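Residue numbers (the working numbering), protein chains in the order written: chain A, 1 to 251; chain B, 252 to 556.
Check each hint, because a few of them may be wrong.
Part of the chain A face toward chain B, derived, beta carbon under 10 Å [to be verified]:
1. R4
2. P7
3. A30
4. L32
5. D39
6. M40
7. H79
It should be emphasised that the hints constitute simulated quantities derived from the structure, not laboratory data. What you are looking at is a predicted structure, and each value in this text was computed from that prediction instead of being measured. Backbone N, C-alpha and C define an ideal beta-carbon position, used for all residues, glycine too.
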Amino acid sequence: RRHRSAPAYPGHIPLNTLENAFLAVGSGIAALLNPRRGDMVAALGETTGHCALPGLLDQMLSSPEGRRVLKDRPRVNTHTISLDALRALPDNTFGKTYVNWLDRTGVTPDTRTPVHYIADPEQAYVMQRYRECHDFYHALFGFPVSVQYELALKAFEALHFGLPMAYFSALLGPLRVKGEQRLMLVRDYVPWAMRVAAECKPLISVYWEERWGQDMAEMKAELGVWDPPVQAKWGKRLTEADKEAVRAKAA
Amino acid sequence: MNGLKCALRSRGLSRRPASLLAGPSCQSLHTTQSRRQEEPATTHFGFKTVGTTEKEPMVQSVFSNVASKYDIMNDAMSLYTHRLWKDDFVSSLDPGRKGPLNCLDVAGGTGDIALRILDHAREKYADRETKVTMVDLNPEMLQEGRTRFKKTMYHNTPQIDFHVANAQALPEDIFPSNSADLYTIAFGIRNCTSIPEVLESAYRVLKPGGVFACLEFSMPTNAIFRRVYDEYSFSIIPLLGTILASDRESYQYLVESIRKFPSQPDFAQMIRDAGFMTGEDKDGDGGAWRGLFGGIASIHTGVKV
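One chain only, chain B, in its complex shape (with noise of 0.2 Å):
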């Protein structure tokens, strides 16, 4: 499992941009043939134990059943601090620091990110060159993001572009090798059935030197706050679904989901696995992850070699 261990010292991923990584601390390089086993037969829907290929089309009914509500139930279920949490990130990331970007917005869904890194290129950098590419593997939900940008100044513009696609397989006619210099996945790749293959594509369609980054939810550190944060996610937000969207069933996918996800050392191994470069196994400055409000959502990093 650990491969090479890299001479360099680290100097530590702070809170730096992430594009201005040149020595960043290293640790396992690719060791993919070594970890390519047999994909199992069965995966996770929430707490359910579904077949690898029914858990894709399970994920496009709750996304299709949630995207008219998805804003208003974001707001609500987390009392408006996913914004807080969206800001960070892209601020964090500093797009147009170092001139405009190809980037590449997964899982982009209602265009969240999308919009927060034009806006941010523009605003900061007077970037108006910068170009957005939003993927999202359910139209309804990339219809979605594609009414809110009619509401923006990038509609109808080079900077913003929309396609349906699967993130564990982007075309190459459409995601061509080596293309993009940022590539965002925010509260997007819990869903995806197979997170190897996400970060396999993520790490092909990157320029060398391009940045990986993923905001997602994680559980949090601290034992009493996480049983807080456990009552809360249980009892309250599938109410919250079934208040407001006529829907219990999702949200409790949602809270499920969370759960069933790899804690943050075991998923920023898999993000080396795919061949990033990441900080260390810690939390915070110089790590391969930054938690979030007491680690309900985690920022992981990385950058292709």
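In isolation and in its complexed conformation, chain A is listed as follows (with noise of 0.2 Å):
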């Protein structure tokens, strides 16, 4: 009875012109007044980000990466990463400093909510490859999870990759930060990422997964991005504890 087209995959939910813009508003009003409610901030990009995929698309099949990407589809979570064989790896690499992330934040990459509104499969999975590779973003630049931080990061995402849903939490994000933070915010870290959007090479082609023994140096250098001009601060140093286990792991 309902004409409505048939799911193009799994969890996909078919909206119309009308529902997609219903949805749209009603995630934006249900993310601002809760930012918690990972699923609306999920459906406004979704809902939002027709514009931008196709050119993240193109971007991703213009590369060979890329393209090895479209076709593998890889996902991110703790089946398909092995924790443990990154930790094994030397320091200095984009394994070890993703996984020493992941211990230091806490952060788990399970965390990702699945896509549902996106009427393309192929641009529901790049929009699913951006929310997963987040955390790389993360590791890439050592930034911790705090608001100020993502936030700068946002700014980065929404100048690099386009998405309305990142431009408005950039914009819209720095009015829940105060006085210094802001300030560090403006001045420091938005200028900065403002000019590696815009010359480092489409993140969103990187496949991460063959990356993980890359020295970091050298990945930085061959992806185009620089370290911010100040270090991010961390707001716990490792704990006693922490330190120990390292030590006794090394001994």
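Could you fit the two chains together into a complex? Lean on the hints.
So this is what it looks like as structure tokens:
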């Protein structure tokens, strides 16, 4: 009875134009009122992403590495990545940096919401990939997960990927940050983000899983990124217990 | 299917309180024996087909998921109209007019009807003896009801009582036969696996002369309005569920289950088949049901002879 198109992939919820608009507005309001609603942030991203996704897909198709990602469609979660194997890597490698970052922030790679509202399956994968690689960018720049660094990263993502959702977060987010942090954001991180975003290689095409063993300095040079001018301040230094554990492992 | 036709001419079930029914027009009488057929092995859960025994736990899980946001969602989906419907429902029943009543509010959930019954009897008739027993299959919903009642003056009084029970088989020790004056079920009966069993159970617990009243969603009769209503239901309501309650599935079930419910004349016939006397097969004055808001909801009433 419902002449609604059939789902194009598992988890797909087809929406017509009106429903898409309704969900975009509704999820926007819900996300503003309660930013912890991850599902609403995701829904907003998906309902507004259709302008930027074709461009990102094109970027992926134009490089051999990006084409490999599209063919393999790697996913980022604890089933596909062996964190223990990464911990065994040398210190200056991307893989080790990433797993150190995970351990230090307490984040798990498993928290990314699946894509529901994007009609084209390939674009849906691009969106999923963008979401799941967010932590890689954190590790690449050495940003912790506190608010002003998330915003710095969002500013980078907005300018580099062009997704409207990233722009919303980057523009509205600073309203929730006060005084010194906002100054630091605007003075130190946003100009840096603008330059890096414009000059680096398309990060959406990067096959991160092939590069676990790559040296960080070499990777940054290859991708055309560089560190922010001000070192990111981490909230908690490694505690004594952690230092002890590191020492015990090394012994 | 048609039993003996009653010889009495109808006086019609006007908008007078149902408790005043003296000589309503009557249709068929008890025909339970001829209607006792094989229970079908499958039933519907929204648009899905499921085994008969599977429906109940699925409905349980829907309502466990929606319980905490139930009232907010009702307000959002109906744009507060559900409050008007429930006000209309209770005031047309006029509890307390003929003295204190023993009421049974089934699928009472968060207590919208029970509270209105008690408030109506108190405010209009200074009646503090009317008692409502709230019944629901789902403990989470009943807990929301208890919490709501704690904010009222009826908490810890004999006027309100709560029981977890199945509307299809109300236990005889707690709900003796011929004990209730009024049986209400609002927006609950379409979730039950077997409507005839609910009606039979209702018939058992009601006293002779007691009233069965059901407020339930129905389909609008006007074709254009129905189309608009369908669009709204299938497009907006599941999205409201996603946005407000992070739960699309439960609200998808809701809009589908409304479409699977029997039509107004069919439901009126089912009520008669359980032994109740109803108005004529029509909408409005003297009818077995009264449509609200163009037929989006309907109030069906019957009297136990």
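Now for the hints, and whether the structure bears them out:
1. The beta carbon of A/R4 is positioned within 10 Å of a beta carbon in chain B (closest approach about 8 Å), and the interface hint is therefore held.
2. Given the 10 Å rule on beta carbons, the hint for A/P7 is violated: about 13 Å separates it from the nearest Cβ of chain B.
3. Interface hint status for A/A30: upheld, as the beta-carbon distance to the closest one in chain B is roughly 5 Å, under 10 Å.
4. With its C-beta approaching chain B no nearer than about 12 Å, A/L32 sits outside the 10 Å limit, and its interface hint is violated.
5. Proximity of A/D39 to chain B holds as hinted, the smallest CB-CB distance being about 5 Å (cut-off 10 Å).
6. A hinted interface residue such as A/M40 counts as satisfied when its beta carbon comes closer than 10 Å to some beta carbon of chain B; here the least separation is about 7 Å, so the hint holds.
7. With a cut of 10 Å, the hint placing A/H79 at the interface with chain B is violated, because the nearest CB-to-CB distance is about 24 Å.
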